[in-house]
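Number of protein chains: 2
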Amino acid sequence: MAEFEIIKKLTNILSINDKDVLIGFGDDCACVNVNGKKLLFTADIQVENRHFIKDKITPKDLGWKLVSVNVSDVVACGGVPRWGLISIAVPKNIDISFLEKVYEGINEAKNFYKCEIIGGNTSSANEIIFDLFLTGETEKFISRSNAKEGDLVFISGYTGLSRAGLEILLNNTNNLDNFELELIKYHTRPTARLDLQKKIQKYANSCIDISDGLVADLGHISKMSNKKIVLENIPISPILEKFSKKYSKDPLEYALYGGEDYQLAFTVSKENERYFKDCFKIGYVEKGRGIYLNDKPLKIKGFEHL
Amino acid sequence: MAEFEIIKKLTNILSINDKDVLIGFGDDCACVNVNGKKLLFTADIQVENRHFIKDKITPKDLGWKLVSVNVSDVVACGGVPRWGLISIAVPKNIDISFLEKVYEGINEAKNFYKCEIIGGNTSSANEIIFDLFLTGETEKFISRSNAKEGDLVFISGYTGLSRAGLEILLNNTNNLDNFELELIKYHTRPTARLDLQKKIQKYANSCIDISDGLVADLGHISKMSNKKIVLENIPISPILEKFSKKYSKDPLEYALYGGEDYQLAFTVSKENERYFKDCFKIGYVEKGRGIYLNDKPLKIKGFEHL
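Residue numbers (the working numbering), protein chains in the order written: chain A, 3 to 308; chain B, 3 to 308.
These are calculated hints, taken from the structure and not from any lab test. Since this is a predicted model, take the numbers as computed values, not measurements. Treat the hints with care, as some may be off.
Same chains, same names: a pair is fine if it fits in one copy or spans any two.
In silico DSS-like links for lysine-lysine, alpha-carbon gap of 30 Å or less [claimed, not checked]:
(1) Lys201 / Lys21
(2) Lys11 / Lys116
(3) Lys11 / Lys62
(4) Lys62 / Lys21
(5) Lys283 / Lys187
(6) Lys10 / Lys116
(7) Lys40 / Lys10
(8) Lys94 / Lys58
Sequences are here, hints too, so could you generate the full structure?
In structure tokens:
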């Protein structure tokens, strides 16, 4: 059974009956009403040898990334991050200085994103596991399910870079070119697009962060909004071009299906297009279903972790 | 390095600078101000072969326990549980019906405690890991650090039963006596004392839930309140008596040092003693430090998970 179906089956067991729960399972964050304030909840777990390989990422970057992927979910719902709890489970013989550096990365990130880590718990396990729970707040919840016919589709930056970086990392090559080191950084140290939060909250009809890959994540918007998304222009980063040339790869494949970019994909009405000149306009929303590249339907497949 | 010191070292890295954070690390819950409401945050991770053994607990009880241990933290701070997120990481070949039963246990518990699970995330791992993050709300935060000289010390029920139940489970004995099956239930299916929440919020000066063991947890109150706690009467459950006779054990050792009871230990001024006739009065608070049984200082040692 696919992960998606398992989650659906399990979450169906937990019916929600609380008028203060505005959004439950199925979006980037859950959302509750607390005395008139909309609070966002998200959690993301990082498991050794699934989400990261200890020798392939510095502990500082690991801490940074843990915070960033959660902040990205909050921003995708139009919010700003506020308070987090961190659960860690680590082997008993772990080097404490490794953990300290992870926490230094967490600290750097929470200062950068202006949020706080205020609690957590520790345990032992055979693998290294970090689970961050993060809350945020927003005046308006931007969901995956509100894309409208006639909306334009934007992405906040190039996609596919993180996937290319991961492949370089895994190939374990020495003497890497500068563009390769840069690609690796996109994988190990992504930055959540908190800089766009105000505009997303104000002007986007729907939004998602790109963690599973551009097509897979737009697939969520398409399915939950019950609309067709037609892509026309997929921007290819110059460094992804270089990578594709060096390794004889198809850059479009990376841009469409590479995951863990933590850029935002969102839809905006034509009248609000002008607010997103710093983003890439890649297509539009119309009646129907599925994701198309011009007139070609695209297979919706997700990025698989290690 | 002891777990406690590691946590302290790590959390010191994450300084908090946010006036809405009323309580950070170090208590049963963190606490934030949201538009005048006090929100509680806690998280507790359950790791296979650390916190549970798959063959020794039914999946339904596992789900129940996961919720209960978190609710217990919320109640210990005087609050009622509201919304949770669940992170799971499981081996790829896991039996889905096992997970469904865990979720049925979670569902049963969240209905019992009148809270909701509204989101989460799934991942793969070699071990089975459930991490529940739970929020609650309270009008008044009851901390570990506010025990006062002259307070009486109470516990909400017998202690040591869960530890005895765990030992029976691990001994893998067949033909168990009824009292043994009952002890096992105290370990596999603890009930958080939500029934006492209103009285704790109103009348307790300090409170903690008993997860590490009575002496260890009172040790937290003693240390954080900078007071001495003198114990006089430790109640021994009749079924713990039976267990101790059958296996030649010292029941007091279990009552003092057994963990995972999820009863509440709290201190109350003399004038409010009358509200807790359904609880056991076990001692008092005075100037000084440490935990004493009559005039004998007790070693503060914690319950170790498997």
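Each hint, compared with the structure:
no., hint, result
1, Lys201 / Lys21, "both (28 Å within a copy, 27 Å between copies)"
2, Lys11 / Lys116, "between (36 Å within a copy, 22 Å between copies)"
3, Lys11 / Lys62, "between (36 Å within a copy, 16 Å between copies)"
4, Lys62 / Lys21, "between (41 Å within a copy, 27 Å between copies)"
5, Lys283 / Lys187, "within (25 Å within a copy, 59 Å between copies)"
6, Lys10 / Lys116, "between (33 Å within a copy, 22 Å between copies)"
7, Lys40 / Lys10, "within (25 Å within a copy, 32 Å between copies)"
8, Lys94 / Lys58, "both (21 Å within a copy, 23 Å between copies)"
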